[in-house]
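Going line by line, the protein sequences match chains A and B.
No gaps in the numbering here: position 1 of the first sequence is 1 in this note's numbering, and each next residue is one more.
With the second sequence counted from 1, adding 1000 to any position gets you this note's numbering.
Please keep in mind that the hints were generated in silico from the structure rather than gathered at the bench.
Just so we're clear, the structure is a prediction, and the values are computed from it rather than from any experiment.
Heads up, the beta-carbon is just placed ideally off N, CA and C, and yes, glycines get one too.
Keep in mind that a hint or two might mislead.
[Said to hold, decoys possible] Computed footprint of chain A on chain B; a stretch qualifies when at least three of its residues, placed anywhere within it, have a C-beta under 8 Å from a C-beta of chain A:
| hint | segment |
| --- | --- |
| 1 | 1103-1110 |
| 2 | 1184-1193 |
| 3 | 1395-1407 |
| 4 | 1462-1475 |
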Amino acid sequence: MIKADRVFGIIGLVLSLWFYLESTKFNYMAEFTPGPGFFPFWVGVILAILSCWLLFDSFRRKPSKEDTKRVLPEKHALYRVGFIFLMLVGVRMFMPFLGFPITVCLFVAGILFSLERYGIGKSIGYGMAYAAVIWVIFEHFMEMGFPKGFLGI
Amino acid sequence: MEIFNGLMGGFAVCLTPYNILMSFTGCLLGTMIGILPGLGPSATMAILIPITFGMDATPAMIMMCAVYYGAMYGGSTTSILVNVPGESSAVITAIEGHQLAKKGKAGTALGLCAIGSFTAGILGTLGLVAAAVPLADFSLKFGPAEFFSLILMGMLTIIFVGGKSIPKSLMSAVIGLGLGCVGTDIVEGKDRLTYGIAELLDGIDFVVLVMGTFGIGEVLVSAEEFRKVEPINVKFRELFPSLKEVIQVRWAVLRGTLIGFVIGVLPGAGPTIASFVSYGIEKTLHKHPETFGTGALEGLAGPESSNNAATSGAMVPMFALGIPGSGATAVMLGALILYGLKPGPMLFVENADFVWAVMASMFLGNIILIIMNLPLVPAFASLLRISYALIYPAILMICVIGAYAISTGLFDVGLMLMFGAAGYFMKKADIPPAPMLLALLLGPMMERSLYQALNLSYGSMLTFVTRPISATLLALSVLMAVSVGFKSVQRARALVTDEDKA
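Please take these sequences and the hints and turn them into a complete structure.
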């Protein structure tokens, strides 16, 4: 956890610098009131102070039992999480081209086949079932207006 | 009399067939999702928000409240049968309830939870009805200075009481404040942090953040490993505790209800603290405290009741002041804004029918839950046998749909995925996301109040200390910050002393 605190502290410092730099683009004060730059400025300043506090604490304190706990999971778990996340990114990227039902089907089938070790037939079957149920509820009844792909569905 | 008339009017609205159906659906869905290991009430509500899109505010909010109660109950079922609490507020239930289940008394544990939750839910809702109206009336005296001070106090309470690590909780909140700056500012109408992206002109939608951090983030954590859950079997005829057991826990239930409600009203001190305080008190008062941890009935019923009563208590500041008292009520507050309502004391003035209908629906929801859940517990428990591999892809797709539905575009989906990744790492690094969500909701309100207060006082900051209510709230905030800061310094000094001795 100590390593995680240091990483978060550094991220905090970077974010604080970003907020501060953004705040300089606007007026700090208006006539009587804070200007648009007021809040981002103080967000940057306070975040910088807190980040330094966290970094200082992480270097100063003795590692406790909690600190020796592994933050990131084992490689195989990280692979699973990374794969799921990439599939979600794929959904975002390809939905306009493939359309909603095909994207959902491929997402579910891909997860079940690659990660959960279902057979190809079962994976595609579940994928189609999920796509159908979600389409009926959200597109047919609730008329969400999902993107239609190159097949027009 | 006003309260009685209001409540009767509320029942007239909520007891229509459609609203009863919404309440039932919310209870059912909330229980079904809440029963899934690793998903607590906040994540459950975040995932089910998309279902309420396009509905009128009243049935939508009735459903969300029912989802909240249902998720709390579902989470208790998982805690007892599988020993996996969905949220920190269910930890005590897991400790005592699972021990009872291992002794073959799962039905007793589930039955006592249901009875305790029902009693606390009804009494807590009565407390909500009694407290919210006078508080809302009082807060009509609030001006912008008072609201600024109240929001500041609320945020400090949540930060200091909510997280294990104060700097991390504070950082999470400050980042949330920064995210709240995205969009068009209220002073000069300038676009802050939008980089020319039109979708960001109205700011970051809280649904995107909540579904990303609580929905996607939680599911990613749960999906790390192959999951094989073996819940303890429970039969229908074993579900009802004996009359002797119910009588044995009656005072624990009533104490838990009172403790939970009072703690729930305090912003930041939600069901988790309520359940632990109740547990501590029951253990202290019990003739045989050594039985706690091995399946003590009072150790289960008291905290479970206080858990539910805190839920009602947390809604008092949410309805009356527009200040959420916990992460879950923050999600609800965001939902209120989503439905086009302005939370705060004016809600009782401008939308009184809505408020009374929602409060009346909480009575209805509790009744539906106890009627539905007791006989259906074996069916709900069987949901736990469905492979998680088939469940989490569906949850992820619902989150994608929810983000898409906000503006019928994919930009919010991409933003949600970013928050999902952030939520995952925050969970792993023990950084609480609730302060960030609260700050995203409260930050713009805080900025607006500050702007209005200084406008009215021609730029004089003295307005915050010369107005008595504002000064009191600020003083409480300072006291809280000093006492927590003092404890941190003491801890640091103890650490240094230990190091010197070594």
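Requested in this report: Report the numbers of all earlier hints that the structure fails to satisfy, in ascending order.
Outcome: 1 and 4
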